[in-house]
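A.B. asks: Residue numbers (our numbering), protein chains in the order written: chain F, 362 to 598; chain G, 362 to 598; chain U, 362 to 598.
Wrong hints could be hidden among the right ones.
Since the list gives no way to pick out one identical chain from another, each pair is judged satisfied if it fits inside one copy or across any two copies.
To be verified - Within a straight-line C-alpha distance of at most 16 Å, the following computed EDC-like cross-link-like pairs (lysine to aspartate or glutamate) qualify: (1) K383 / E373; (2) K463 / D374; (3) K383 / E488; (4) K383 / E435; (5) K383 / E594; (6) K383 / D520.
Since the hints were made in silico from the structure, they are not lab data.
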Amino acid sequence: MPLSRSRLISGEDLGAVAPALKRYADDVITHDLWTRPGLSLRDRSIVTVAALIARNQTAEMTQQINAALDNGVEAREVSEIITHLAFYSGWGNAMSAVAVTKDIYAERGIDTAQLAVADRFPLPLDEASEGRRETAVEAGFGAVAPGVVQYTTDVLFRDLWLRWELAPRDRSLVTVSALVASGQVAQIPFHLGRAMDNGLTQEEAGEALTQLAFYAGWPNVFSALPVVREVFELRTD
Amino acid sequence: MPLSRSRLISGEDLGAVAPALKRYADDVITHDLWTRPGLSLRDRSIVTVAALIARNQTAEMTQQINAALDNGVEAREVSEIITHLAFYSGWGNAMSAVAVTKDIYAERGIDTAQLAVADRFPLPLDEASEGRRETAVEAGFGAVAPGVVQYTTDVLFRDLWLRWELAPRDRSLVTVSALVASGQVAQIPFHLGRAMDNGLTQEEAGEALTQLAFYAGWPNVFSALPVVREVFELRTD
Amino acid sequence: MPLSRSRLISGEDLGAVAPALKRYADDVITHDLWTRPGLSLRDRSIVTVAALIARNQTAEMTQQINAALDNGVEAREVSEIITHLAFYSGWGNAMSAVAVTKDIYAERGIDTAQLAVADRFPLPLDEASEGRRETAVEAGFGAVAPGVVQYTTDVLFRDLWLRWELAPRDRSLVTVSALVASGQVAQIPFHLGRAMDNGLTQEEAGEALTQLAFYAGWPNVFSALPVVREVFELRTD
């Protein structure tokens, strides 16, 4: 797909249009943000790719998916991030990401044998926790949109979330990153709590927000901060 | 416009990048979602096209506008959905949709004779209801942004909404779908109430949300659900 | 970059797909909106370009950045708007704008000598006001996301906002326009207050909303209106 490639911005182009922005790119992003402790390089790539897919930003995606693969994210995991975000950021966003990723896989010689296959080994389900979620959502919205409630149970929590191709902690990190990056503040409490249940630390969550400030913009992060603080405060761990 | 076409994702491409997503596309979306009762195929297409335009997703638009035309949406109605969403999702989104649709009309041999012409026959206006809206908006925001208040009356409610090229119930369905798809929760109560006044049933609204879960992403729908429930509860019909 | 150009919609294309929309474009937007008093042509261009960058709408950007340059926005200012919005609407949005602007500068023979250079003359900082902001943000979020808090001080308020390439009042107009255009209602009070401190009048803010109704869509503006009204009411000037 020549589209994403033709829109790739070189450092030279950036310097020709916005020299100050090139300086920020070099000094602040490349040599500072990406080298910060508190969140691994692999996690920073997961956060960044999730933000770009959630915001449908194909222009930056080629570079960042390649960086993710260089930073230790497996191709299988990239494919699963796209699959996950088809549901958590809309089908069209996933299709744009597929178009970009298809070319990257072709260039890198990645074929389907290396990718997710039919999920023969679903992860174990915490029936008690999922039962509470189902009861609450059914009580709240079962009469409003029964189809949404049904698919949420059958396709998301009893299927997608149990796929082994992405660890639950990473899947949660993808989800929370996408929510922040698309301004979905109301959905952060449930999924940030779940992310921390799945092993994401408070420090990592704070650094994910730092990464997102640059890749999803300051306003999205400042709108998320009060909600994130409240989630942190309400936890007893 | 070769752009949208070159970004069209084939089933083969999808299978090569994200085999699991291809399985969801076939099993859940094609063979389940689109065949559900409660909302006609034509309405599902209207909801889906409105969501894609509101989210500016040209990659998926070619396929879905073609599907809409196949599912009984008239070309005149497609053009009017774009016209309507120029106001309800921003001018640039409409221009992207025009670029995609131009090629579709060329391929299908649809010319302007089949499209909307100058609106010679405006629909009747409910002066009492519109008067209440004008009074409330003028009182609330007339001193803040008089231009917005004036255009809302003159261009939207006394012109655009009276165009016969799209039935009021369908125009409302387009509006509500676009609001949910772009996270505009605060504007849902007025327009969902208007949609139901215009004939949209509660069951259809619930199924529209189900359709939107897939095409606008789960978070947008879960953020809309509490507001939709409240609209349902406050109505006496 | 042929992308943006190939997606440019001509009046003829628009008339072929949506004749009514062409009529609105001519009658309401070109001959009415853009000629309204209360906000200069230069300011309308700043608002419009900021909205398009914040919404990542490259299809419309070529036309509107050219219009901005015709309306008295300096190339240096266009580059600085992009630089500013890299932080306030996300890195990827700025990169898309760079791709579009690179071609425009090439066509117009604008080279780096005319653009922003290293910021040798930072604007004076109101230490008292900035100190209050830092204390409040540190108290609120210093323990949640220390990286965000640090970059907000060091890179945004003690660096980016002090750059002379864009007047503080214009920088504020860009920021507020981007917030409204991307639905970031929660961040409007701080930045609209700052914009008015920087010289933006209430009438100009109201007209900026009118401009944004068309370029960012009615729902974004109606969601912003109650917040804008409250900012106006709380000010004593």
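A.B. asks: Is it within, between, both, or neither for K383 and E435, if the alpha carbons may be no more than 16 Å apart?
C.D. replies: The answer is neither: 30 Å in one copy and 19 Å across copies each exceed 16 Å.
A.B. asks: How would you classify K383 and E488 at a CA-CA limit of 16 Å: within, between, both, or neither?
C.D. replies: neither (50 Å within a copy, 28 Å between copies)
A.B. asks: Treating 16 Å as the Cα threshold, decide for K383 and E373: within, between, both or neither.
C.D. replies: Answer is within: at 9 Å inside a copy they meet the 16 Å cutoff, but 39 Å across does not.
A.B. asks: Checking K383 and E594: alpha-carbon separation at most 16 Å within a copy, between copies, both or neither?
C.D. replies: Neither: 38 Å inside a copy, 41 Å across copies.
A.B. asks: Should K463 paired with D374 be assigned to within, between, both, or neither, using CA atoms and 16 Å as the limit?
C.D. replies: between (25 Å within a copy, 7 Å between copies)
A.B. asks: Measure nothing new, just compare the shortest in-copy and cross-copy C-alpha distances for K383 and D520 to 16 Å and report within, between, both or neither.
C.D. replies: between (44 Å within a copy, 15 Å between copies)
The structure shown violates the earlier hints numbered 3, 4 and 5.
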